[in-house]
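Below are the chains, spelled out letter by letter.
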Amino acid sequence: MTAVLEVRDIAKSFGGVHAVQGVSFDVHEGEILGIIGPNGSGKSTLFNCILGQLAPTRGEVRIDGRNVSGKRPSELNRLGISRTFQLLQVFPQLTVRENLILAGQEHKGSRLGRLFGARDAGLGAAADRMIDFFRLGHLAHENAGGLSYGQQKLLDAAMAFMAGPRLVLLDEPAGGVNLTMLASLKERLQAINRETRATFVVIEHNMEFVMALCSRIIVLAEGRIIAEGEPAAVRRDPKVIEAYLGH
Amino acid sequence: MISPRLAWLLVALGALMLVLAPIDLTGIGIPYPGLKRYGTYIMTLWLVTAIAAMGVNLIVGYAGLETLAQAAFVGIGAYVTALMVKAGWPFGLAFLASGVAAFAVGIMLGFPALRVRKHYLAFVTLAFSVLAWLVFRNEQWLTGGVMGIGDISRPTLFGHTLRRHVDFYWFVLAITAVLTFALWWIIRSPWGRAFTALRENPIRAESLGVDVRLYTLLAFAIGSAYGGLAGSLYAPLVEFIDPNPFALGPSLLFMLMVVVGGAGRFAGPFVGAAVAVLLPEWLRFAEGFYLLIYAVLVMTMMAFCPTGIMGLAERLLPARRRPTAAATAPLLGEAKP
Ligand SMILES: Nc1ncnc2c1ncn2[C@@H]1O[C@H](COP(=O)(O)OP(=O)(O)OP(=O)(O)O)[C@@H](O)[C@H]1O
Ligand SMILES: [Mg+2]
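Chains as they are written, first to last, in my numbering: chain A, 54 to 300; chain B, 352 to 688.
Just chain A, same shape as in the assembly:
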């Protein structure tokens, strides 16, 4: 079985800062992989290199065994890969529903077809389902900018699922989300994973969240993988404990 995502020796430097230094791993279909590591260990930079927001200094990314290095983010997205960013990224002046329709519309039909076709690109019903799924029903017609931080965070995650992606990379989905909402977010992600067999890679600082959600965890420190394995084993690993507590 080939992996959905293969990351091979990815490295990225910003001038003298070696943010990522040769990271390789595979992600298999239906898996929920967690990536943890101290602040500045290169997690977000790794995501940006995988998804084309940044050009890696070296290394290769493969999707279903095909090299996709150098593709633009929009092209990767249309291959069925979506993501969220660490910092909130919704469109504040569009309504919640419009945000969701936008998140799926570029996958529907041809560009010219969309110009002459339905205003909601045929995604109205799907958007409403997603709104219900993330329990944002009462906010559907509010501008996203007017939502609370946690609600925007949920919308942000919901947007990543609108196009029915096969692979989703989430950068700190739980950051700034309160406990009640966190439980609901975890449950939503697990439900989507069960129902669609979508594969997830999740960067997260919230240990409980990661441990409960992921089947496997990779630990980054100073741009390198220092540990990898099942949540319980990773938690006990002395190298991991040192990376978090050391210095």
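There may be inaccurate statements among the hints.
With a Cα cut of at most 25 Å, we get these calculated DMTMM-like pairs of lysine to aspartate or glutamate [what the hints assert, rightly or not]:
(1) Lys124/A x Glu551/B
(2) Lys161/A x Asp117/A
(3) Lys124/A x Glu195/A
(4) Lys124/A x Asp79/A
(5) Lys161/A x Asp562/B
(6) Lys292/A x Glu261/A
(7) Lys124/A x Asp562/B
(8) Lys239/A x Asp181/A
(9) Lys161/A x Glu551/B
(10) Lys437/B x Asp518/B
(11) Lys387/B x Asp502/B
(12) Lys387/B x Glu632/B
Partial list, derived from the structure: chain B residues whose beta carbon lies under 10 Å from chain A [as the list claims (entries may be wrong)]:
(13) Ala438
(14) Ser540
(15) Pro541
(16) Trp542
(17) Val563
Residues from chain A that face chain B, not an exhaustive set, calculated with beta carbons under 7 Å [as the list claims (entries may be wrong)]:
(18) Pro126
(19) Leu155
(20) Gln158
(21) Arg172
(22) Ala174
What the hints contain is simulated information worked out from the structure, not anything from laboratory work.
Heads up, the beta-carbon is just placed ideally off N, CA and C, and yes, glycines get one too.
Chain B with the ligands: place on chain A using the hints.
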């Protein structure tokens, strides 16, 4: 926000008033003598200006880019039409060619926008504006240089010449209606949503599959084409063109119109163009003070209502009631006051 039904009613009413504007209604008991020749001419100029401003609104207001070159595109359209009409081509063809030419040059101007944004982009378009004006002025063999091109005849429609101001006014009004509808359609389509996404967060848009490069070029191309089409109507309206109306100053004015009218608001360009074209006529009594009044107006406006006149209107209209978040929010663990 006003309800969509009321909005349509207002649009229909406005359209009817525009159609009737040059007609003497005293005969049917309405004390309205109709616009005179000059008034009709000014109204036509307002429509033509609004078409070009609509293009700027697409580029600046919706797609969040910058352009200080719209007058150059109006110039491209005006010269293409003038030259073609003088060479004996039918106006319809010249009109299309003007749009196509501006569309093509607009795409080219869009390329720098893929690399730079905000004021850097503004400066790139400003440089283009100067360049275009130099071509209009210096390429005498083609454009007639500072002497310009005169005797541009007005089109004929089904064998009926539109030489009279009022006929040409109705002709321009009809074209304005079509172009307004076309832009409204684009903006309410998924394309419009993509343009807005481009304005609000291009990186996120790109990550959601929105081809930011393509939409940037499209915004520039379509917006500039509106400039070209406006120019194509401007040439037969004034019947004589020289490089002056297509210089940098008028380009700045187009940007100002959009900002004053309300950038990213559909009716903004019409309001902004009215302020720029009609207001000076009403302020004639003020003579030299006109510019002063105008400047103070703009400054006050920008300080107190940066969303423009349409933004102000929206604020003054009673807000449409929306279901509030408060009732159900606690379920999601949100304590929203
Ligand atoms: N655009 C950039 N330019 C320069 N340096 C950068 C840039 N982006 C990241 N870095 C540096 O790269 C290193 C890794 O940053 P990154 O954001 O990937 O860390 P992270 O693991 O996501 O941290 P956090 O947990 O705090 O989000 C940091 O030292 C950071 O300062
Ligand atoms: Mg990070």
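For which of the previously enumerated hints does the structure constitute a violation, in increasing order of number? 3, 13
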